[in-house]
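Student: My request is simple: use the sequences and hints to build the entire structure.
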Amino acid sequence: MSHEEHGHEYVPEIATTRDGKQFEVQGWQGDIYGGKLGFWLFMLTEIMMFGAMFLVLTYYYSLHPQDFIDASSHLNRLLGGTNTVVLLVSALTMGLGLLKMRAGDVKGAKLMIYATIILAFIFLGIKAVEWREEYVHGVFLGLDALQSGNEHSRPFGQIIFYGMYFTMTGLHGFHIIIGIGLMVWLLKRINSGKVTTEHHILHFNIALYWDLVHLIWVFVFPYYYMIGAGHGH
Amino acid sequence: MSKSYLDAGETHCAIGHPKSVFWQWMLTVDHKRIGLMYAAVILTFFFVAVFVALTMRIELFAPGAQILDGDTYNQAFTLHGVIMVFLFIIPGVPAVFGNIVMPLMIGAKDVSFPRLNWFTFWLYIFGALIALSSLWTGNGFADTGWTFYAPYSLNTNTNVVTTLVAAFVLGMASILTGLNFLVTIHRLRAPGMDFFKMPLFVWGIYATAWIQLLATPVVGITLILALMEKIFGIGIFDPSKGGDPVLFEHLFWIYSHPAVYLMILPAFGIMSEIIPVFSRREIFGYRTIALSSASIAGIGYLVWGHHLFTSGMSDLAKTVFSFLTFFVAIPTGIKFYDWVATMYKGKIILTTPMIWALGTMVTFVIGGLTGVTIAMIGADIHLQDTYYSVAHFHYAMLGGVVFLLFAGLHYWFPLMFGRIYNETHAKRAFYVNFIGFNMLWFPMFIAGWQGMPRRYFDYLPEFQIYHQISFFGALIFISGLIYMFTVLISAIKNGEKVGPNHWNATTLEWHLPTSPPPLENHSKVPYVDFRPYEYHHGEPVVKFNLDTMQRID
Amino acid sequence: MDINTYKAQRANYYKVLGGLLLLTAITFIQPHMFLEHYTFAAQLSIGAIKAWLIVMYYMHMKGETLIGWTVVFAMSLVTFFFIVVMLDVEHFQYEDGSHITSQPHIEVDYGHHTASHEE
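Line by line, the protein sequences give chains A, B and C. For the record, in the first sequence the residue sitting at position 136 is 136 according to the numbering used here, with numbers rising by one throughout. For the record, in the second sequence the residue sitting at position 183 is 183 according to the numbering used here, with numbers rising by one throughout. For the record, in the third sequence the residue sitting at position 87 is 87 according to the numbering used here, with numbers rising by one throughout.
Everything labelled a hint here was simulated from the structure, so no lab data went into it. Using N, Cα and C, we set each Cβ at its ideal position, and we do this for glycine too. Honestly, I wouldn't trust all of these hints.
Said to hold, decoys possible - With the Cβ distance kept under 10 Å, some of the chain A side facing chain B (calculated, not the full set):
1) K21
2) Q22
3) G27
4) I47
5) L55
6) G142
7) T167
Claimed, not checked - Sample of chain A residues lacking proximity to chain B, with all beta carbon distances greater than 12 Å (derived):
8) K36
9) N76
10) G108
11) I117
12) L124
13) W131
14) G181
Tutor: Have a look at this one:
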């Protein structure tokens with residue numbers, strides 16, 4: 001990945017045909033497209049994983065549609081919607097940061113990364129407020145309302161809805177935390193000169209990662225928060 | 001003279017530049033060393049699981065309890081399955097030969113992400129340790145079978161949680177291997193080597209890598225949901241709460257069926273390498289074999305429901321799956337016809353790799369055809385969860401994948417170590433294995449047909465004869481395995497030294513300057529303007545000057 | 001990159017942002033304004049359009065061929081899994097004896113058209 005780390009430049013090999021024509025050999029070092037391809041392949045695994053979770057959700061939605069709509073109407077659409085906008089803007093800041101890095105404005109790029117980190121923390125903060133609101137109402141993993149067969153039990157469809165809600169937003173939040181860690185690491189690499197305008201595949205990939213995190217939320221939000229939005233609660 | 005990759009000295013490491021040989025191996029990013037380490041660990045786990053199976057065979061020698069009680073028996077077949085599937089056969093050929101041989105075959109210096117490769121190996125070790133730790137903690141190893149069906153897996157108090165976590169970690173290692181190989185094959189092929197000039201083993205690894213990448217996450221999330229349910233009691237899969245256990249089966253088999261194609265495709269790749277070399281002929285139907293690997297990978301994602309025929313699935317779904325399952329057998333059949341056509345009018349040389357490959361043709365055909373039998377819904381209602389299934393998948397996995405892995409061990413042994421084993425003993429070991437294998441597994445087809453259920457610790461006296469024959473088959477088979485590995489392991493130190501192209505083969509891994517290969521692989525990357533299996537009158541067409549890697553034919 | 005490319009790409013980013021914000025607004029008014037009885041389909045369709053914009057422009061997929069096809073392949077697989085599993089559960093033949101899949105067929109109530117207050 002970084003040929004400069006060992007102090008010797010990586011010089012690509014040349015392969016020669018029988019007629020003397022020369023071709024540059026693609027080595028594993030300094031392979032920008034390879035880095036991009038590898039990261040996209042990793043993101044495909046995330047699509048498969050969240051895709052399977054949406055399958056489970058759809059399965060139970062088809063069996064208990066009214067329960068799902070009732071449960072959805074109880075989620076806090078204001079906070080959820082705010083988070084949607086927060087994440088949207090953070091995707092913009094991350095993208096602008098990459099653009100600035102490519103244009104040579106390293107300082108501006110770093111500022112954008114800081115902005116993204118702050119927005120990410122705001123997202124997590126709002127999510128924590130939402131979760132706490134649910135917890136205070138007795139709706140949380142492990143509490144009676146989400147277990148079957150006791151006096152506080154919610155209808156089964158609602159148990160599945162909330163159980164999957166906490167699982168999926170929890171996993172999504174986990175990915176946000178990892179994203180923050182990656183951005184902090186990126187800042188370090190920029191500061192130490194390892195990520196530059198000429199050589200910024202890491203920045204590119206982390207921006208892609210952040211877009212994926214946003215992409216997942218684009219589906220999580222309507223599926224959980226909006227299907228019950230018309231309900232008169 | 002460049003040093004071989006086995007010599008102590010400078011090797012590329014993930015962290016720093018250690019001086020001690022031990023740390024040079026522990027931290028190495030070299031694909032050949034990593035592949036060897038995988039081989040040592042994977043084959044050790046193989047033997048552990050074989051001995052667990054022997055214990056089961058001893059127990060099943062007669063009806064009633066012999067040496068185990070029912071609960072322990074359940075733990076035994078779970079342990080056997082978890083080790084064999086997750087620790088041995090899924091990493092299996094890709095981790096060993098994909099690592100050692102594939103980069104050499106495409107003229108690369110290493111994989112695309114060598115440090116990720118190093119990390120993946122240790123992730124695999126970590127997952128394996130988590131799985132094995134559950135033998136000694138809590139209520140002992142899981143007793144659910146390696147398939148972890150709900151609701152039993154949710155309600156049993158054995159170490160299901162630990163095993164689920166281990167399987168998740170191992171799954172991550174599999175995904176990362178697949179990712180690494182996909183980028184390697186797309187990016188690091190030698191100039192001139194387009195996809196249809198790659199050796200067929202590389203095609204096999206390529207198709208496998210797609211399955212590793214896309215199917216494994218589904219089982220990953222299934223295991224996470226099962227964990228969430230075990231810990232928080234949500235009821236996603238537990239019918240007593242309103243959940244649907246068939247949903248678990250769907251999600252589980254959406255991965256686990258493609259997983260078996262993940263196992264067999266690299267193995268078929270090995271077959272495609274061995275047959276032309278020892279028939280001294282170009283492979284017949286290169287393009288169809290290559291495309292059949294891709295289609296098996298693609299169609300293999302679509303057939304998982306044939307594991308659920310007796311679960312209460314709708315008739316519509318059953319019909320779709322049965323049809324697709326029949327359909328996916330076709331590309332495999334094409335491969336077999338192509339291999340036989342390659343041998344026709346070839347100059348067959350019966351070396352040890354070749355007889356393993358030929359033996360596999362017999363055993364895998366039995367495994368494959370019996371699979372087609374149970375693809376028939378009506379037949380499957382009778383045969384599902386009987387010894388017929390068990391015999392089918394052991395003929396396919398053991399008689400297919402593992403036999404070809406053994407063939408690969410014998411074929412690439414001179415490449416890996418620069419030495420050759422004793423052919424006479426190696427061939428004898430094959431025959432012992434082949435006889436033992438068939439004696440062990442064939443009676444089970446009959447027992448299953450008569451109704452002997454699988455995973456049963458006790459049985460009616462009318463089945464005893466089959467178990468007894470199987471038991472003696474097991475003894476012979478295990479002796480064969482021990483014999484074979486003794487031959488191989490002793491040859492590592494004491495085998496006769498051989499040159500870089502012992503079999504006079506055509507693919508690039510045999511055109512290295514030293515035997516064993518140098519650390520940096522080929523002296524120079526060649527320009528590839530030739531097909532991978534060009535023979536003329538039994539001799540390879542393409543010849544190289546091994547220092548300049550220019551063609552001299 | 002030169003200043004003009006930079007400005008052009010930056011303008012593009014802001015355009016996509018505008019589109020995404022607009023779609024988010026539509027998400028909020030849809031349950032009260034149009035296709036109220038098809039909220040589920042409408043919401044996920046809006047989500048799909050947003051996703052397409054993000055993938056094409058923010059994730060630069062517009063210029064990538066190989067990567068584009070791999071994404072299509074993965075999405076096709078997920079779609080196949082969805083279709084088959086949902087077909088299976090919708091056509092369960094032992095529905096009468098099952099407490100998991102047997103549901104009274106009710107008209108699903110998406111709620112009133114008046115603005116709603118969260119609890």
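Student: Could you run down the list of hints and mark each one as holding or not?
Tutor: A quick look at each hint next to the structure:
1. K21: 8 Å, holds
2. Q22: With Cβ-Cβ at 9 Å, under 10 Å, it holds.
3. G27: With a minimum Cβ separation of about 6 Å from chain B (threshold 10 Å), the hint on A:G27 holds.
4. I47: This hint holds: A:I47 lies near chain B, its Cβ roughly 8 Å from the closest one there, short of 10 Å.
5. L55: 8 Å, holds
6. G142: Nearest chain B Cβ about 5 Å off; hint holds.
7. T167: Result: holds, 5 Å to nearest chain B Cβ.
8. K36: 10 Å, violated
9. N76: 21 Å, holds
10. G108: 31 Å, holds
11. I117: Consistent with the label, A:I117 stays out of reach of chain B, its closest Cβ about 26 Å off (over 12 Å).
12. L124: 21 Å, holds
13. W131: Per Cβ check, A:W131 is outside 12 Å of chain B; nearest 14 Å; holds.
14. G181: 17 Å, holds
In summary, the one numbered hint that this structure violates is 8.
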